[in-house]
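Starting from the known structure of chain A, fit chain B onto it as the hints suggest.
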Amino acid sequence: MSEISPEVPDNRQDAPSHVDPNSTRITKPGVKRLVLTLSVLFSLVLGFPFLWKSVEIYRSSLPFGEISEMESNPSLSFPCRFQAVFINFNSNPSPNHLQLSILDKITELTSNSSQCGACANDLALSVTVDSISSCTQTHPTDNSNYYRCGAISAVDFDFSNDDDDGVDELLESVLGVKNVYSVVVVNGGGEGIRAVVGKYRHAWIVGSVEEEEEESVLVSRVAEIFVKMFVNGGTENGLIHGEFMPVGADRRIVLSFNLLNAEPNDWVYDWDFQRVDETLLAPIIKVLGPIANISVESQVLYHTPKSSFSYWDEKWKSYIFSTKDLPFFVNSNEWHLDTSIAAGGRSKILQFVVYVPSAKECPLSLLLPTGEISKTNGFISPMWGGVVVWNPPGCLNSETNHPSRHTMSREDLQAVFEVFMGQFRQLFGLKSNNLYIGASGTYHLLPSGKGFTEWELDVLSRQFACFNLHSCATTLGSLSRLVQSLPRMIIMDEIGKLVQFSLEAAKLAQSNASLGDNESSAVSSGQARSLAEDAFFHPSIMSISYYSFEHCFAIYSPFFLPVSMHVLLAALREWKRYKQEKAKYTAWKAKVKVES
Amino acid sequence: MAILLSRRSNLLAVVVLLLCQLFLYATVSSSGSVLKQGGGEEFSEELLLKPFPDRKVLAHFHFQSRAPHSSSHGRHHHLFPKAIAQLVKKFRVKEMELSFTQGRWRYEQWGGFDPLSSNNAKPPGVELWAVFDVPQSLVDVYWRNLTHTLSGLFCASINFLESSTTYSAPELTFKPSFGNLRYGTLPREAVCTENLTPWLKLLPCRDKAGLSALMDRPSIYRGFYHSQRLRLTSSESGSDEVDSGIGLDQTLTVVLQPSSWRTGKTYSVETNIQPSWSISSIFGRNIPGKCVIAKSSNVYLQLDNGLVGELKNLERENAKYVANTFESEGFQSNHAFKISVTPDKVFEEVDNLHGKSTSVIYGFSVEKYSDSQPFDLGLTWKIPVVWSCQQAPLHASRFLMGSGNERGAIAISLEPTESSEGLPTSHIIDGRCELRVDIFQVVPWYIKVYFHTLQVFVDKQPRAMADVVDKIRVSPSKDKVSPGVMEMILKLPCGSKSAAFSLEFDKGFLHIDEYPPDANQGFDIPSALISFPSFNARMNFSEDEFLNNSPILSKFQHALQRHHHYMHSICIVFWIIAQCASEAC
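Each protein sequence line maps, in turn, to chains A and B.
Take the first sequence: its letters are residues 26 to 621, numbered as in my numbering.
Take the second sequence: its letters are residues 121 to 705, numbered as in my numbering.
Just chain A, same shape as in the assembly (with noise of 0.2 Å):
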C-alpha cells in the first residue's frame, strides 16, 4: 500500500511524461502518514512514563537516619544516686572530703569497665558524717530524699551484733528510699572490718577506725561495695553476660521443670511438682514480674537413659561422670523434654531437669576439676537450663527386683529446689552464693526469700533494658542495611510503622533511664525490641524480598517490545520516505525554476 499511494497524485497529475518517477516529483509529499505514524510513536514515547509509574515498587521510607544514629550509640544512661553515711566517727573527717575520695575512687573502679546501664556520667553522691555531737553533710546538686540526720543515731541500735536480717529492717526503715542505694559506716563494735550487703538498696560496713590509714581502706570498700555491687550486681567477668538474658521478644519466660526416671523398672519417683509451685516458685515470679512474664509447668518423664558414660570410683564410693562429659549429658533423642505449646512463638523456655540415675549407676556424682565431688550435683547450660542429678536415698544397699513407686521427700525436693534457684540466678548472671570477695575485702550477701534482692532486681532490669535496646538497634541496623542494599525491594507500610514505633519505644526507654525509672524503661525497651524483630520478620519481607529490575524487564518486553519495536521502525521509514520526496520535490522545483 506503501508503494501505490505516492504514486496516486503521479497519476492524477497531467504531467509531462518524460519526467522519471524516480528521481522527480512534481507535487508536494503529503504528510498525512508521517504525522499518523509519528503522533503513534509519540503517544507510545508519552505513555512510557505513565507505565514507569504504574510498575514503580512500593516502598515506605525508613527512617534509615535515626536508625544509624541509634544503632551507633544504643546505650540507655541511668542516673545513679548514693549517700554514705559514716557513724560514730569520732575522728569528724570532713564530708565533702570523703565524698572526693569515694569520688575518685568509684572513676578508678568504673574507668575499665563500659558495662551498659552503669552510670558513667549521672552519678551523684551524698555523704553524711553524723555523731553524737555534730552531723554534716554534703548536698549533690538535687534534691532527692538523703539521709536525715540523726536518724540512724536515733533508734539506737546495736550493729555490732550478728543479727543481720534484724539490722537490714531497720536500716530499710529508716533510708528506705528508692532509687538511691546507701552505704552506712558503723565505727565500734569488734575488731576487723565486717561488710554486709542487705535485701534491699543498702549496705553497712561495722568496724573500728581509730587512724588514718584504715579511713582510706573503709572508703574504698564503700567505693567497691557501690561500683560492684549496687551498680553491677556482683558479677565477676566472664561470667554470663547481659546479651544472653534468658528472656524471650514477648517478656516471657516459660519455666519448663522435668523429672526424668532414667530407668523405671528399678524405681519410679514421682513429686508433688503443685505444692513447690505454690510455695517456692510463686513469690519468685512476683518478685521478677517487672523483668519477664513467667510461667510454669511440670512433667514427668520415663526411660531417659543419658547419653554419657559414668564409672565406679572406690575412693568416692559412687559413680562419677566429670565435668567433660557434660555435653553429652543431655539427651536429646530420649528427653522428649518438649518446647511447650502454651508458650507463643517467641517466648524463652528454660528446661529444669532433674535426673533420676537408674540401679546400674546410682549414686552418680559429678567430679569437679579440682578432684571433688560437687555439692549441688548439677549443672548450667546458659539459656537452655539446669541439670540436677538426684540419687534416691539409700540406692546402694537396698537391692529390689520389682519396681516400687515412691514420692520425692518434702525435704529432697526443697534441696533439689535450692540449687535450681542457685541456677536460674546463674542463669541470670547473678552470682549463686553469699559471699563476694573483692579487691578490699569480704562482703557477706544476704540472700533475700524471694530469690532476688532489690538492688539485684534492679541491676537486672538495669541489664535487661540495655540488652533489649542494643538488641533493638542491632536489628533495626541490620533491617536497613538489607532494605537498603537492595533498592528494589517492596517495603509496606506496616514494616515502616513498626520502625518508627520501635525508634519511638527506644526513645522512651532512652528518656526514661534517664529519669531514673528502670522498671519502665526496661518495659518501653521490651517494647522497642518485639516491634523491631516485628518489622525484621514481617511476612512481606519474607515472600517478596527481591523484584529486580532484570525481573521486571523480562515480564513487560514480551508485550512492549514487538509493539514499540514496530511503531518505532515504521515512524522511521516514513520519515525516511518523506525526506527522500521532498528532496525530489524541492530539486524538480528547483528545476522548474531554472527552466522558466
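Careful: at least some of the hints might be erroneous.
[Said to hold, decoys possible] Among chain A residues calculated to face chain B with C-beta under 7 Å, some are:
#1 299
#2 322
#3 323
#4 324
#5 325
#6 328
#7 361
[Said to hold, decoys possible] Pairs of lysine-lysine residues, derived as DSSO-like cross-links and limited to a Cα-Cα distance of at most 30 Å, are as follows:
#8 A:311 - B:209
#9 B:328 - A:349
#10 A:57 - A:607
#11 A:340 - A:385
#12 B:488 - A:385
#13 A:385 - B:209
#14 B:488 - A:373
[Claimed, not checked] A few chain B positions that, by computed beta-carbon distances, are all more than 12 Å from chain A:
#15 200
#16 515
#17 568
#18 637
Everything labelled a hint here was simulated from the structure, so no lab data went into it.
By construction, the Cβ of each residue, glycine as well, lies at the ideal position given by its N, Cα and C atoms.
Leaving out everything else, chain B in the frame of chain A:
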C-alpha cells in the same frame, strides 16, 4: 523444633558453669499430705488380637491416658502428655479425633458391624475432626491454629486443612453438633514412621517397655491396613466425677499377614487352613512385661461370632470330640486350635441380637511377665475352618460415571449384604418399615456438583426424592473458598433390593498453581461416610468389674450409637494442559 532445640542445648552445654555452693532460700511451709500416686493421672495399655477369615490377623493396640481436672489448670503432669494437655487448654478442644491411615479396611472380609470395625476403620490418609468449646465466630480461627499445632506435633501436613477449601462443618449426619464441629480430610497423606514416633512420644513408656515394645516398624508397616488414631475428650469439672478432665485414647490398628512357617509343609499345601501364628512371629518381638507405670496391661484374643459358630458346628459334627466342650475348658485346647498361654479370663458375649452364636474373648494379663520371661501368645490351628465376619446391614459403594474431561457423575449404591434378604426389617417407624441411613459427603470445589441433578433409584426404579430422602442439607461449593457438602438422612423402605443415588458434576478449570504435586495421579475425592443410626454396634458381656477397667472391652460394651462405614476415596483425573511459564520450555 524440640529436636532442634535440644541439639543446640548439647552444644551450649559445653559452656557449662558449675555450682559450688548453695544459696539458701528457706520458705517452704510444712503443710501438705502424701501425694496421691501420679496426681490422679492414669495410664493403661491393651492389645486385642483377632484372626480374620482371610488368613490375616488384626492387632489393635489401645493406650488410654486420663488426667483429672486439677486445680493447677493442667500445668503439672505426671503421666499425661504435657503437649496434649496444653493443646486442649489452648485451643479449647472439647473433642477431637485425628487418624492416620494407610490401606483400606475390607468391610466384606474383616467385618463391618462389630464395634471394632465401626470405631476403628478409617478413611485412607488423614482425617481430623474437632469440637471446640468457643463461640461459633471463633471456631474457624481455633481450627486453623489447631491444624498448625497438630502438624508440628505429628510431623504431617495437617496444616493443609487450614485452608477453608479443605474442611467443612457437618451438622446433620456426622455427629450431633451445634456449629462448633469442623471436619477435614487429606486423602492422599502418606503415613509412615515419622508420624508414629511423635505418637509414641505421648505414651509414658514410649516403645521402650510394655505392649508398645511390639511395634517393630518393618513389621507393622508391612501390613495390609495401618491406622493410627488419637482421640481426645475433655470436659469441665463438675457434672460427672468419673469423666471430668481429659481423656486421651491412642489406638493403632494393624492387619498383618502371619507368615505360616510354623505350620509346616503338610498344612501349607492345604489352602483353607488358617496360618498358625504367635506374637513373636507376626511382630518379630515379644512383650517384655508391662510398662511399669501402667495401671493395667492386658492382651486379648477375640474369636468373633462367625468363627465361634463354625467351631460349634464342627464340634457337633464330630461327636467324638464331645469331651472338649467350649464351656468346660474355655476351649483353649480343643480339636480345632490351641492357645499357647492359659488365659486369665474368658469373656463370652451374651444376648446377641444379630445371631445365635456369640463371640469369645480371652484375656491375658501381662503383669507377671518380665524381660527374662517374655509374654508370647500363639494360636495354632489344627483343622481348617472357614467362616465369615459380621457384615454391615448394607454394602455401600461409590463410583464415578461418565467420561471425558468436562463432566461426570458420582454414584452411590447401597445393596443389602448377603446375610439378609432385602433390607433388614427390624426397624418399624410409624407403622412403616424403614431403614434410616445417613450419608455425609464432602466434595472439593473443583468438582462442581449440581445438587439439583440428584437422582434416586430404589430397586432400579427412579423415585421422587421426597419419598426416600427424609432430610437433606447441602452447602454448595464456592470456587476457591469452600467445598461442597452434602448430608442426607434417608429412609429406605424395607425389603428393597438396592438403592442408588447419582449426582452430576462439571470438572472445574484449575489454574496452573492449583494443581497438587504429581497431578497426573488425579485428585482424590474424600471418603464419604455412611452410618446406620438405628443399628447398634455393641457387644454385651456379663457384668464384670474387670470389664470397666479395660478400655477396649468397655468401648465394645458402650460403643457409639452410630455405626460408621467409610466409602473409600475415589480418584478423579483432571487433564492438565501443559502450560509453561519459563523460557526453558
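Consistency of the hints with the structure:
Annotation: interface hint on residue 299 (chain A) holds; nearest CB of chain B at approximately 5 Å, less than 7 Å. Using the Cβ-Cβ criterion of 7 Å, the hint placing residue 322 (chain A) at the interface with chain B is satisfied: the shortest such distance is roughly 5 Å. For residue 323 (chain A), the interface hint holds, the least distance from its beta-carbon to any beta-carbon of chain B being 4 Å, beneath 7 Å. Checking residue 324 (chain A) against chain B: minimum C-beta separation of about 4 Å stays under 7 Å; hint holds.
For residue 325 (chain A), the interface hint holds, since its Cβ comes within 7 Å of a Cβ in chain B; the closest pair sits about 5 Å apart. Evaluation of the residue 328 (chain A) hint against chain B yields a held restraint, the C-beta minimum of about 4 Å falling below 7 Å. Satisfaction of the interface hint for residue 361 (chain A) is found here, the shortest Cβ-Cβ separation to chain B being roughly 5 Å, below the 7 Å cut-off. For the given pair, residue 311 (chain A) sits about 23 Å from residue 209 (chain B) by alpha-carbon distance, which is consistent with the 30 Å threshold.
Of the pairs offered as hints, the one joining residue 328 (chain B) and residue 349 (chain A) holds, with about 29 Å between alpha carbons and a cut-off of 30 Å not exceeded. For the suggested pair residue 57 (chain A) and residue 607 (chain A), the alpha carbons sit about 14 Å apart, so the restraint of at most 30 Å is met. A threshold of 30 Å between alpha carbons decides the hint, and for residue 340 (chain A) with residue 385 (chain A) the separation of about 18 Å falls inside it, so the pair holds. Between the alpha carbons of residue 488 (chain B) and residue 385 (chain A) the distance comes to roughly 23 Å, so the proposed pair stays at or under 30 Å and holds.
Distance check on the hinted pair: residue 385 (chain A) and residue 209 (chain B) sit about 39 Å apart at the alpha-carbon level, beyond 30 Å; violated. Taking the CA atoms of residue 488 (chain B) and residue 373 (chain A), the gap is near 45 Å; set against the 30 Å cutoff, the hint is violated. Look at residue 200 (chain B): its CB is around 9 Å from the nearest CB on chain A, not clear of 12 Å, so calling it non-interface is violated. Distance check on residue 515 (chain B): its Cβ is at least 43 Å (rounded) from any Cβ of chain A, clearing the 12 Å threshold; non-interface status holds.
At roughly 31 Å, the least C-beta separation between residue 568 (chain B) and chain A is larger than 12 Å, which holds for a residue marked as non-interface. Consistency note on residue 637 (chain B): stated as away from chain A, and its beta-carbon is indeed over 12 Å from all of that chain's, at 20 Å minimum.
This entry does not satisfy hints 13, 14 and 15, going by the numbered hints stated previously.
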